[in-house]
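Visitor: Residue numbers (my numbering), protein chains in the order written: chain A, 2 to 329; chain B, 2 to 329.
Possibly wrong hints are sitting among the right ones.
No distinction is drawn between identical chains; accordingly, a pair holds when it is met within one copy or between any pair of copies.
[Said to hold, decoys possible] Below 20 Å or equal to it, Euclidean Cα-Cα: the simulated SDA-like pairs (lysine to any residue) are:
1) K240 to L43
2) K295 to D87
3) K295 to R243
4) K294 to L184
5) K103 to I300
6) K45 to K109
7) K162 to R142
8) K306 to W222
9) K33 to A74
10) K294 to Y202
11) K287 to E181
12) K45 to P83
13) K240 to R50
Since the hints were made in silico from the structure, they are not lab data.
2 protein chains.
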Amino acid sequence: MPVMAKKKARVCGAIGIDLGGTNVRVGLVSAKGKLIIHHTFLTKQARNRSQLLNLLIDYILLTKREARRKGYAVCGVGLGGPGPIDVERGFVYSFTNIAGWKNTPLKKILEKRTGLPSFIDNDANAMALGEALFGAGKGCRYMLALTLGTGIGGGLVLDGKLFHGSHFSAVEIGHVSVNENGLPCNCGNRGCIETAIGNGYFVRDAEKRLRAGQKSLLRKWIAEGQKLTPRLVERAARKGDRFSQSLWRQAGERLGGALAGWANVLNPERIVIGGGIAGAGNLIFKPMRETLKKKAFPIAAHSVKVIPAKLGVDAGIIGAAALAFSES
Amino acid sequence: MPVMAKKKARVCGAIGIDLGGTNVRVGLVSAKGKLIIHHTFLTKQARNRSQLLNLLIDYILLTKREARRKGYAVCGVGLGGPGPIDVERGFVYSFTNIAGWKNTPLKKILEKRTGLPSFIDNDANAMALGEALFGAGKGCRYMLALTLGTGIGGGLVLDGKLFHGSHFSAVEIGHVSVNENGLPCNCGNRGCIETAIGNGYFVRDAEKRLRAGQKSLLRKWIAEGQKLTPRLVERAARKGDRFSQSLWRQAGERLGGALAGWANVLNPERIVIGGGIAGAGNLIFKPMRETLKKKAFPIAAHSVKVIPAKLGVDAGIIGAAALAFSES
Numbered sequence: 002m003p004v005m006a007k008k009k010a011r012v013c014g015a016i017g018i019d020l021g022g023t024n025v026r027v028g029l030v031s032a033k034g035k036l037i038i039h040h041t042f043l044t045k046q047a048r049n050r051s052q053l054l055n056l057l058i059d060y061i062l063l064t065k066r067e068a069r070r071k072g073y074a075v076c077g078v079g080l081g082g083p084g085p086i087d088v089e090r091g092f093v094y095s096f097t098n099i100a101g102w103k104n105t106p107l108k109k110i111l112e113k114r115t116g117l118p119s120f121i122d123n124d125a126n127a128m129a130l131g132e133a134l135f136g137a138g139k140g141c142r143y144m145l146a147l148t149l150g151t152g153i154g155g156g157l158v159l160d161g162k163l164f165h166g167s168h169f170s171a172v173e174i175g176h177v178s179v180n181e182n183g184l185p186c187n188c189g190n191r192g193c194i195e196t197a198i199g200n201g202y203f204v205r206d207a208e209k210r211l212r213a214g215q216k217s218l219l220r221k222w223i224a225e226g227q228k229l230t231p232r233l234v235e236r237a238a239r240k241g242d243r244f245s246q247s248l249w250r251q252a253g254e255r256l257g258g259a260l261a262g263w264a265n266v267l268n269p270e271r272i273v274i275g276g277g278i279a280g281a282g283n284l285i286f287k288p289m290r291e292t293l294k295k296k297a298f299p300i301a302a303h304s305v306k307v308i309p310a311k312l313g314v315d316a317g318i319i320g321a322a323a324l325a326f327s328e329s
Numbered sequence: 002m003p004v005m006a007k008k009k010a011r012v013c014g015a016i017g018i019d020l021g022g023t024n025v026r027v028g029l030v031s032a033k034g035k036l037i038i039h040h041t042f043l044t045k046q047a048r049n050r051s052q053l054l055n056l057l058i059d060y061i062l063l064t065k066r067e068a069r070r071k072g073y074a075v076c077g078v079g080l081g082g083p084g085p086i087d088v089e090r091g092f093v094y095s096f097t098n099i100a101g102w103k104n105t106p107l108k109k110i111l112e113k114r115t116g117l118p119s120f121i122d123n124d125a126n127a128m129a130l131g132e133a134l135f136g137a138g139k140g141c142r143y144m145l146a147l148t149l150g151t152g153i154g155g156g157l158v159l160d161g162k163l164f165h166g167s168h169f170s171a172v173e174i175g176h177v178s179v180n181e182n183g184l185p186c187n188c189g190n191r192g193c194i195e196t197a198i199g200n201g202y203f204v205r206d207a208e209k210r211l212r213a214g215q216k217s218l219l220r221k222w223i224a225e226g227q228k229l230t231p232r233l234v235e236r237a238a239r240k241g242d243r244f245s246q247s248l249w250r251q252a253g254e255r256l257g258g259a260l261a262g263w264a265n266v267l268n269p270e271r272i273v274i275g276g277g278i279a280g281a282g283n284l285i286f287k288p289m290r291e292t293l294k295k296k297a298f299p300i301a302a303h304s305v306k307v308i309p310a311k312l313g314v315d316a317g318i319i320g321a322a323a324l325a326f327s328e329s
């Protein structure tokens, strides 16, 4: 009687790719959202689209081989990229800060060259899905995620699926005007919430008020050569600097006012907030939650919990893998 | 051989109830959204909830009998009411302007007493669904509907189903602030779009500017005893009155600015606008569309058509019946 070859049972995993203007991260994520393997390389290592595609394919195939050795079967590839994408066709219209990607049928290319089902979405959506399936939104049916960085990105996850809108451009939540007479925004509108609390505006506002003669610990630190960043304002606030605390309070109140409107429209169970600015914790979360409770409809305010994102720096890669788990 | 009784083939219809503070309308609606039979009675005819319930049941059973005679089989009852409702349980939390309805298990009562599957939602949602299935939103997958009246109501229909949010309070779109320093709103927030273009505010704004000495045909008409209403301002605008035209333009631009934000978040294919204020046609639609195109993201702006509602005064009753068609 022939001896049967022992076949090791494999568990399912997905390859996630977090494609950014500075770094590209490629990794294997388990079906429970754990990052098992990961690689990082500099985006600039590739001089054009074709070189970057070759690198992506090499890393996918490398990760696939490593996955097999660790007992994983790769069920698909997910990629989150910085720009507008036709999610159904996996077609990249363009990428911000990565030249030469205009009109790239990325899904088709990846599937042809790796043999793996591939799913493409923008990075904010990927992160939102990651938080919904494996992070701070786990177990809830209606989750809105925001990333507060240079800009403000967002994603809405309904019953475990991303909401894309009719032409895949939904949840551009940084560009809802909260003040029709406010500062002009890059997008052409005025008073977008991004102009009120995006990174750049946060710093600009601080500079303006310091120049106007506000007393603050920040003056000393800046005179000593430190750069004015949200992180520096956070440190000063934690040391009791009133001015810095008031900057955070203002940012929190503004964001809370905007969240009140979105809670009235979307009535989510959770609003998950990540990105640099969210790192300030209660300095921004406390005034934000208070303002939301005060300004939203009672039912909407009581329905929703506003909590920090959980996945941190791995959000992009885990979220990208989540695209494959959600669709495959 | 016994003669088989001839059974007439029946087509499916639903009974729609548009329950308002002034009138109640009950009717039979065909599966194509045509109003076949309808009855109206004054809400005040009933002195309390129990009397109003009895009237509703009587009219439902009457309509059901008439329906049979016309060859329709009634597949269900839908009711749109003025207030917050737990849609899953068909439970009325309260009705605005109709006393005594706090915490009414309306679905249960109707089903027990009529034997027909019943579906309850708020009136703005019912109207939105009616427009989506049978009116201006027909054939589109992502439709946002607005009703501009004393307040501003809204409904979002995705793939033929209403979006309710986690606690059935979604799409309270009149209460998104477009100006954090704007007028205080009844809801507790400031600068809600309702305070910028709701009926009352429209009139208040006109009065204020007339008192400030603005030249206008309206002065003469008001002196002659006519009441200042949006309709009167519309008539003056159509007669070439510059002041009245500017009031409509301002309302259109404000609403267009708000629509730009919602288009960026919801990325709908169509925005359907009904209610009294929308009756002004191009006086408000033109500046609204122009502002939307200017202020929304290009993809979102190009995705969306902003069009008037089609069902007019029958929107409530047809929309209510649509609740039964959509769920049964």
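Visitor: Output the indices of the hints that this structure fails to meet, ascending.
Guide: 1, 2, 3, 6, 8, 10, 13
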